[in-house]
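Numbering (the numbering used here), first residue to last: 1 to 74.
Incorrect hints may have been included.
Below, simulated DSS-like cross-link-like pairs (lysine-lysine); rule was C-alpha separation at most 25 Å, straight line [as the list claims (entries may be wrong)]:
id, residue 1, residue 2
1, K63, K73
2, K51, K63
3, K17, K29
Keep in mind that the hints were calculated from the coordinates and are not lab data.
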Amino acid sequence: MPERTQLNININPDLLKNLKKIALENNRKLVELINEVLTNYIQEIKNDQTKYRSILDELDDVKNRISVLENSKN
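When you get a sec, could you build the whole thing from the sequences and use the hints?
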């Protein structure tokens, strides 16, 4: 069994109600659903960071090429 730790949080009652409803509709335990939701959210953030880092790298490369072109004109 994977290691677990307990986390106590305060959330909006309607949010908890919706989470419980979704878990019940999908025959899942609430803890399983919440773990999946949080895991997916964290993965999305990591993917976004990687995507933005890649875009910044491309922009930096374009900036460097422009600089080289400008210097070659002088």
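- Which hint numbers does the structure go against, in order from smallest to largest? none
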